[in-house]
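Student: Residues per chain, in single letters:
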Amino acid sequence: MSKRLFKDDLTNTWFYLGIVFGLLSIVAVTVFIFFGDKLSYGGITCAVYKMIHIYCPGCGGTRSFNHMIHGHIIQSILCNPFVPYTYAVYPVFMINTILVKTTKKLGFTGFPVTVLILTGVGLLLAQWVIRNVLLLAFNITCL
Amino acid sequence: MDNNNLNETPMQDVQATVEQAEEVTYKYTFTDEDSQEIEEIPAKGFSIAGLILGIASILCCALPCLDFILGVVGLILSIVGRKRNGDGLSLAGLITSIIGVVLAVLVIFLVSLYFILAIISMYN
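Heads up: the sequence lines are chains A and B, in that order.
Read in order, the letters of the first sequence correspond to residues 1 to 143 in our numbering.
Read in order, the letters of the second sequence correspond to residues 1 to 124 in our numbering.
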């Protein structure tokens, strides 16, 4: 029986999904470099915000991505922290996995990728709740 | 001295050796831990797919129809994953899918209501 390379059983699955995500990100970055402002401020408006006047969990995602690829990290975090979080964790995980797979000595075999993904989901839901509380109770908006 | 007696192996010994070899082969090819692992792999696949579709559904709230489809598929996969292997991934998938579906249903309901009221007011 072959010895396990990673402590997290799902590392390989997340790695292959990460390759797909990386390819999609390259396309998205290319599009946003040329049409970022048009897509962020003149594109599709959120149907939830338009109809119910509360933010959905994805609200600010496009603006956050646009700010991030232009290097405005703080604005990106304020728009939607899930996007910069994803792009902070993603390269660390991919480089670590490639290092472990290729060298088998370098890199951290116990990288908690599943925990970090669940943390990301928690962050996405938490920022949604906080954003709506700020909007409804105090009329404060970061978008 | 009879050489034939020396070369002959008793039948019981042969059977015991075969049984021992089978046991060793089974032990090194398929343990109980492996069978549990094999059962968990498809369940984790359902959970991962459910989670990804759940996240996609709440990120696609701008498009309620797409949001609804992604949410419903994510919900089904998360439920299947949770029944087979109740881990954190399937729970997260379940939560995100439910939020996605609820938001989609709410928006679709309000849009439909808006159109119905507009049509009624048009005829009145």
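Derived from the structure by calculation, the hints contain no laboratory data.
Incorrect hints may appear among the rest.
Keeping only pairs whose Cα atoms sit at most 20 Å apart, straight-line, the calculated SDA-like set for lysine to any residue is [to be verified]: (1) B:K44 x A:R4; (2) B:K83 x A:L10; (3) A:K50 x B:L106; (4) A:K50 x B:K83; (5) A:K104 x A:V92; (6) A:K7 x B:K44; (7) B:K44 x B:V72; (8) B:K44 x A:G110.
Computed from a predicted model, the values in this text were never measured in an experiment.
Student: Just to be careful, I want the Cα atoms of K83 (chain B) and L10 (chain A) compared with a cutoff of 20 Å; is the pair within it?
Tutor: holds (19 Å)
Student: Take the C-alpha atoms of K7 (chain A) and K44 (chain B), compute the straight-line distance between them, and say whether it is at most 20 Å.
Tutor: holds (16 Å)
Student: Hinted pair, alpha-carbon criterion (20 Å max): K44 (chain B), G110 (chain A). Please report holds or violated.
Tutor: Given that 20 Å is the threshold and the Cα spacing comes to 19 Å, the pair holds.
Student: Under the criterion that the straight-line Cα-Cα distance not exceed 20 Å, is the pair K44 (chain B), V72 (chain B) satisfied?
Tutor: Given that 20 Å is the threshold and the Cα spacing comes to 18 Å, the pair holds.
Student: Does R4 (chain A) lie within 20 Å of K44 (chain B) when you go C-alpha to C-alpha?
Tutor: holds (17 Å)
Student: Do the alpha carbons of K50 (chain A) and L106 (chain B) lie within 20 Å of each other, as the hint requires?
Tutor: Holds. K50 (chain A) to L106 (chain B) sits at ~12 Å (cutoff 20 Å).
Student: Against the 20 Å threshold, does the CA-CA distance of K104 (chain A) and V92 (chain A) hold or violate the hint?
Tutor: holds (17 Å)
Student: Given the hinted pair K50 (chain A) and K83 (chain B), is their alpha-carbon gap at most 20 Å?
Tutor: violated (37 Å)
The structure shown violates just one earlier hint, number 4.
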